[in-house]
Amino acid sequence: MAVNDTLEGTHHIIEEAHEQQDKILLPMHNDFNQELTTLNLGPTHPATHGIFQNILQMDGERIVSGVPTIGYIHRAFEKIAERRPFYQITTLTDRMNYCSSPINNLGWHMTVEKMLGVTVPKRAQYMRVIMMELARISDHLICNSILGVDTGAFTGFLYVFQEREKIYEIYEEVCGARLTTNMGRVGGMERDFTPVAIEKLRAWLKSFPAVMKEFESMFNRNRIFMDRVVNVGGISAEKALDYGFTGPNLRAAGVDYDVRVMNPYSSYEDFEFDIPVGTNGDTYDRFMVRNEEIWQSLRIINQALDKLPEGPYHADAPHYYLPPKDAVYKNMEALIYHFKIVMGEIDAPVGEVYHSVEGGNGELGFYLVSDGGRTPYRLHFRRPCFIYYQAYPEMAVGTTLSDAIVILSSMNVIAGELDA
Amino acid sequence: MPQDAPVTSEAAVADNPAKVQNARVLARLHQLFGEDAFTDVEEPYGLLTATTTRERIHGIIAGLKQDQEIALNFLTTMCGINYPENVGKELGMIYHLHSLTQNIRLRLKIFFPVADPVVPTLTDVYLTANWMEREAYDFFGVIFTGHPNLIRILNVEDMDYHPMRKEYPLEDGTREDKTDLFFGR
Numbered sequence: 001m002a003v004n005d006t007l008e009g010t011h012h013i014i015e016e017a018h019e020q021q022d023k024i025l026l027p028m029h030n031d032f033n034q035e036l037t038t039l040n041l042g043p044t045h046p047a048t049h050g051i052f053q054n055i056l057q058m059d060g061e062r063i064v065s066g067v068p069t070i071g072y073i074h075r076a077f078e079k080i081a082e083r084r085p086f087y088q089i090t091t092l093t094d095r096m097n098y099c100s101s102p103i104n105n106l107g108w109h110m111t112v113e114k115m116l117g118v119t120v121p122k123r124a125q126y127m128r129v130i131m132m133e134l135a136r137i138s139d140h141l142i143c144n145s146i147l148g149v150d151t152g153a154f155t156g157f158l159y160v161f162q163e164r165e166k167i168y169e170i171y172e173e174v175c176g177a178r179l180t181t182n183m184g185r186v187g188g189m190e191r192d193f194t195p196v197a198i199e200k201l202r203a204w205l206k207s208f209p210a211v212m213k214e215f216e217s218m219f220n221r222n223r224i225f226m227d228r229v230v231n232v233g234g235i236s237a238e239k240a241l242d243y244g245f246t247g248p249n250l251r252a253a254g255v256d257y258d259v260r261v262m263n264p265y266s267s268y269e270d271f272e273f274d275i276p277v278g279t280n281g282d283t284y285d286r287f288m289v290r291n292e293e294i295w296q297s298l299r300i301i302n303q304a305l306d307k308l309p310e311g312p313y314h315a316d317a318p319h320y321y322l323p324p325k326d327a328v329y330k331n332m333e334a335l336i337y338h339f340k341i342v343m344g345e346i347d348a349p350v351g352e353v354y355h356s357v358e359g360g361n362g363e364l365g366f367y368l369v370s371d372g373g374r375t376p377y378r379l380h381f382r383r384p385c386f387i388y389y390q391a392y393p394e395m396a397v398g399t400t401l402s403d404a405i406v407i408l409s410s411m412n413v414i415a416g417e418l419d420a
Numbered sequence: 001m002p003q004d005a006p007v008t009s010e011a012a013v014a015d016n017p018a019k020v021q022n023a024r025v026l027a028r029l030h031q032l033f034g035e036d037a038f039t040d041v042e043e044p045y046g047l048l049t050a051t052t053t054r055e056r057i058h059g060i061i062a063g064l065k066q067d068q069e070i071a072l073n074f075l076t077t078m079c080g081i082n083y084p085e086n087v088g089k090e091l092g093m094i095y096h097l098h099s100l101t102q103n104i105r106l107r108l109k110i111f112f113p114v115a116d117p118v119v120p121t122l123t124d125v126y127l128t129a130n131w132m133e134r135e136a137y138d139f140f141g142v143i144f145t146g147h148p149n150l151i152r153i154l155n156v157e158d159m160d161y162h163p164m165r166k167e168y169p170l171e172d173g174t175r176e177d178k179t180d181l182f183f184g185r
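Protein chains in written order, with this note's numbering: chain A, 1 to 420; chain G, 1 to 185.
One should not assume that every hint holds.
[As the list claims (entries may be wrong)] So the derived label-pair ranges between C-beta atoms look like this:
no., chain 1, residue 1, chain 2, residue 2, range
1, G, Tyr168, A, Val397, 31 to 41 Å
2, G, Gly88, A, Asp274, 48 to 58 Å
3, G, Val87, A, Asp274, 50 to 60 Å
4, A, Val67, G, Tyr168, 25 to 35 Å
These aren't lab readings, by the way, just hints derived from the structure by calculation.
Glycine residues also receive a C-beta, built at the ideal position from the N, C-alpha and C atoms.
Just chain A, with the same shape it has in the complex (with noise of 0.2 Å):
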């Protein structure tokens, strides 16, 4: 390994690096028998689900090479954040996967409590599993809904989508927001849940089985869906691993790996479920991975309800959590306590620290370097999406176009996240 080479060296490198990329961009193809056709799939098709660009190189409707192109909605958030206070990033965290936008929050303040020294109580950590187990739910039933939709079967996904909008109506009851939500506080969450809150909970756990069902009764054995995606893009254990899977994805190819059992968070230890397993990767054991994994979520948040302890929704942490906003007109600590918390000017500990959750489609981690000023002084969100799209191209060659559609579809790719 040629370590020691001087930057002329390295010159050569990034030309070779390019003449590699324009072979694989333009093949030379001298065969007569074989006229590759070039197809820009994206930036803006609606099957890419966001903004992302693949050249495919097509031999009539097979798939002979593919190249992604990604980072049309990149916005610098690791260098945004390092002008930001702690909590003021969490609104950057949104925007990673804004289909599951609490996850992301709550993900950012355990890792911003864990480097400060902060327990959370008993009551705030349970309330942070329904909302991120709600987070979940609705991100698994837009992927596998659009799936159908991409197959053609719409009527599924209007149907669960009335039921995303209820789990939308509960965060609105929770934290005001919808999509970019903005959930909780370093700390605990910002207040606690209110009775109408608690209440349309209740109510849509009781409404949403049936749905569900008949979600899954429409597609699980539907004869024309699975023969669109049974063996379709399929993956082994092996290779899922090497190219860094986590979560639904990795789990359809047969490794029970998930965040939220191997390294538990905000108590997730007190809570029974299990870990849906696929056997060959392909599309329809993500399909099936994701419709339990509603379900075992549909248990947990049913848990956390029953056992929802009393007590306080956040930490007794003035330097870092937010006073009532009426304390602060009438209490000297509390105006206190807000100015320097809204001004950035309580010092975190110099440290490193390295949290993941099990996010909507996998691992998402959060490293965080502190010089121990007000902002972060390197932060790198480890983005599930980011790290197995480069799988993409591998799965999608030697299909067909319109496989490769429902490939991307149950991959789970969210454009926000994977351009960070």
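Since the structure of chain A is already known, use the hints to place chain G on it.
Relative to the frame of chain A, chain G by itself:
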């Protein structure tokens, strides 16, 4: 950290299983690659962290992937980092490895001069390293020798700098009406 710090998690007990495990992993690392291969061994927040050199990093990560005893065979993530004040070690790469069978995590770091940002690629060990290295090249200008396709990934192709380096401020450096003397970096 403030003097009257809030409620902290329980102090590390002597027979902390995480510490025992880290000691075991470290012993195995020393056994496999020699004691002089690792410097600055720490355990921030329970995660074993060691610094090594760029000459060794490829061998270590490839060796760990093969090793059956601690089975660190999953590359969780890697990222670049820039410390402009560390002369001769301005740039760094940080690797997070994970053993899915034994639930061991390991963080490895390497540092090298910004004038010579050449690091061996890991794409021959992990397929997933491909885009991670392209990201590090894109944002920090780290050159990975042997990488099959080292081009920018998130930024536009004709960008001529590496924006995550600390020398590039987030906001327009020419503005004088927004000096942040008291708050912010």
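Does the structure break any of the earlier hints, and which numbers would those be?
Checked against the structure, no hint fails, so every one of them is satisfied.
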